[in-house]
Amino acid sequence: MTPELLAARRIIRRGQVITLLGLLAAAGVYVIALRYTPVEVRQGLAQKIFYVHAPAAWGALVAFAVVGLVSILYLWLQDERLDLFAASSAEVGIAFSLVMLTTGPIWGKTVWGTWWTWDARLTLTLFLFFLFVGYLALRAAVQDHGERARFSAVVGIMGLVLVPFIHLSVYLFRTLHPQPVLLKPSAPSMPPEMLRALLSGMAAFTMLYIGFVVLRYGLARLDNLREGAGDAV
Amino acid sequence: MPFETPQNGGFLLAAYVVAAVIYLAYAGSLFMRAGRAMREAGRGGSGAGGP
Numbered sequence: 001m002t003p004e005l006l007a008a009r010r011i012i013r014r015g016q017v018i019t020l021l022g023l024l025a026a027a028g029v030y031v032i033a034l035r036y037t038p039v040e041v042r043q044g045l046a047q048k049i050f051y052v053h054a055p056a057a058w059g060a061l062v063a064f065a066v067v068g069l070v071s072i073l074y075l076w077l078q079d080e081r082l083d084l085f086a087a088s089s090a091e092v093g094i095a096f097s098l099v100m101l102t103t104g105p106i107w108g109k110t111v112w113g114t115w116w117t118w119d120a121r122l123t124l125t126l127f128l129f130f131l132f133v134g135y136l137a138l139r140a141a142v143q144d145h146g147e148r149a150r151f152s153a154v155v156g157i158m159g160l161v162l163v164p165f166i167h168l169s170v171y172l173f174r175t176l177h178p179q180p181v182l183l184k185p186s187a188p189s190m191p192p193e194m195l196r197a198l199l200s201g202m203a204a205f206t207m208l209y210i211g212f213v214v215l216r217y218g219l220a221r222l223d224n225l226r227e228g229a230g231d232a233v
Numbered sequence: 001m002p003f004e005t006p007q008n009g010g011f012l013l014a015a016y017v018v019a020a021v022i023y024l025a026y027a028g029s030l031f032m033r034a035g036r037a038m039r040e041a042g043r044g045g046s047g048a049g050g051p
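As they're listed, the protein sequences go chains A and B. Residue 1 is where the first sequence starts when you use our numbering, and the numbers rise one by one after that. Residue 1 is where the second sequence starts when you use our numbering, and the numbers rise one by one after that.
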């Protein structure tokens with residue numbers, strides 16, 4: 001067995017362990033949110049969707065920001081591993097986006113009275129999701145590995161440009177979406193029990209993101225070896 | 001008129017179930033792909049699908 005193959009297997013094993021720990025931590029967040037946080041008087045139990053929705057949004061934005069940053073590094077260093085890592089983070093970002101884009105409307109239906117509204121935050125987030133679906137489609141469509149890596153790096157960097165706009169959209173535009181309660185210049189605007197649950201969620205889903213990306217990256221490395229020299233994932 | 005807290009536990013349940021299904025399905029798919037790829041790599045054959 002070659003050293004490259006052993007390294008890929010080791011990365012996969014690490015990814016599996018971190019993913020399992022992340023899933024356990026996520027289950028713990030469910031318990032904390034359901035049992036140990038107060039019911040918000042105006043929104044009712046649906047407010048607790050926030051403890052799953054906000055970490056999913058965090059995970060998605062981190063994933064897409066990582067794609068952009070690693071893509072910049074790829075264009076600079078031309079290291080194929082960076083391209084594989086960016087592609088892995090994009091796929092994981094799609095999974096987190098799906099959670100964000102499904103739990104958000106469920107909350108919106110009961111609190112806003114509508115599943116969806118074309119406000120700036122929601123619309124930009126949907127565009128970002130489609131951009132990275134396009135990123136993966138592009139990778140599937142281009143056969144030459146050098147071109148695939150270069151083209152997708154450019155798309156990944158475009159996505160990175162959108163990320164700060166999405167975070168700041170609640171300040172820049174008139175929007176229905178709630179203002180940030182955590183990532184803002186002033187102190188967190190939440191009761192301590194709710195803040196603890198939110199921070200636990202952020203930590204757990206960040207661990208899950210890391211586990212998914214490491215596991216996916218190991219798989220990409222293994223597949224790269226399978227395709228042999230020159231034929232990347 | 002006194003304010004009544006809305007009874008919307010069903011929405012909470014739906015959101016938590018949807019999120020769990022997506023995360024578990026993706027984790028399951030990664031574990032299955034990893035298992036298959038490592039078995040095939042061990043045999044010296046072909047393996048995982050790339051992103």
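None of these hints come from the bench; they were simulated from the model. Every value quoted in this text rests on a predicted model; they were computed, and no experiment measured them. Incorrect hints may have been included.
Ranges of calculated distance between the beta carbons of each label pair, as one might list FRET restraints [said to hold, decoys possible]:
| hint | chain 1 | residue 1 | chain 2 | residue 2 | range |
| --- | --- | --- | --- | --- | --- |
| 1 | B | Gly28 | A | Ala137 | 19 to 29 Å |
| 2 | B | Thr5 | A | Ala27 | 20 to 30 Å |
| 3 | B | Gly28 | A | Arg14 | 10 to 20 Å |
| 4 | A | Trp76 | B | Thr5 | 51 to 61 Å |
| 5 | A | Asp79 | B | Glu40 | 18 to 28 Å |
| 6 | B | Glu40 | A | Leu73 | 24 to 34 Å |
| 7 | A | Phe173 | B | Glu40 | 49 to 59 Å |
| 8 | B | Leu13 | A | Glu227 | 37 to 47 Å |
| 9 | B | Leu24 | A | Ala7 | 42 to 52 Å |
| 10 | A | Ala7 | B | Leu13 | 42 to 52 Å |
| 11 | B | Ser29 | A | Trp115 | 43 to 53 Å |
| 12 | B | Gly10 | A | Met190 | 37 to 47 Å |
Take a look, some chain A residues computed to stay more than 10 Å from chain B by CB distance [what the hints assert, rightly or not]:
| hint | residue |
| --- | --- |
| 13 | Leu5 |
| 14 | Tyr36 |
| 15 | Gln78 |
| 16 | Asp119 |
| 17 | Pro188 |
| 18 | Leu208 |
Note that the Cβ used here is the ideal one computed from N, Cα and C, for glycine as well.
Each hint, compared with the structure:
1. B:Gly28 with A:Ala137: 19 to 29 Å: The hint (19 to 29 Å, Cβ to Cβ) holds, given that Gly28 of chain B and Ala137 of chain A are roughly 23 Å apart.
2. B:Thr5 with A:Ala27: 20 to 30 Å: At roughly 27 Å between Cβ atoms, Ala27 of chain A and Thr5 of chain B fall inside 20 to 30 Å, so the hint holds.
3. B:Gly28 with A:Arg14: 10 to 20 Å: holds, 18 Å
4. A:Trp76 with B:Thr5: 51 to 61 Å: holds, 54 Å
5. A:Asp79 with B:Glu40: 18 to 28 Å: holds, 26 Å
6. B:Glu40 with A:Leu73: 24 to 34 Å: Since the Cβ atoms of Glu40 of chain B and Leu73 of chain A sit about 31 Å apart, the hinted range of 24 to 34 Å holds.
7. A:Phe173 with B:Glu40: 49 to 59 Å: holds, 50 Å
8. B:Leu13 with A:Glu227: 37 to 47 Å: Since Leu13 of chain B and Glu227 of chain A have Cβ atoms about 44 Å apart, the given range 37 to 47 Å holds.
9. B:Leu24 with A:Ala7: 42 to 52 Å: Check failed, 28 Å falls outside 42 to 52 Å.
10. A:Ala7 with B:Leu13: 42 to 52 Å: holds, 43 Å
11. B:Ser29 with A:Trp115: 43 to 53 Å: Between Ser29 of chain B and Trp115 of chain A, where Cβ atoms are some 27 Å apart, the hint is violated.
12. B:Gly10 with A:Met190: 37 to 47 Å: Taking Cβ atoms as reference, Gly10 of chain B and Met190 of chain A lie about 24 Å apart, which means the hint is violated.
13. Leu5: violated, 6 Å
14. Tyr36: holds, 15 Å
15. Gln78: holds, 18 Å
16. Asp119: holds, 19 Å
17. Pro188: holds, 22 Å
18. Leu208: Since the minimum Cβ distance to chain B is about 7 Å, Leu208 of chain A lies within 10 Å and the statement is violated.
Going down the numbered hints, you'll see the structure goes against 9, 11, 12, 13, 18, while the others check out.
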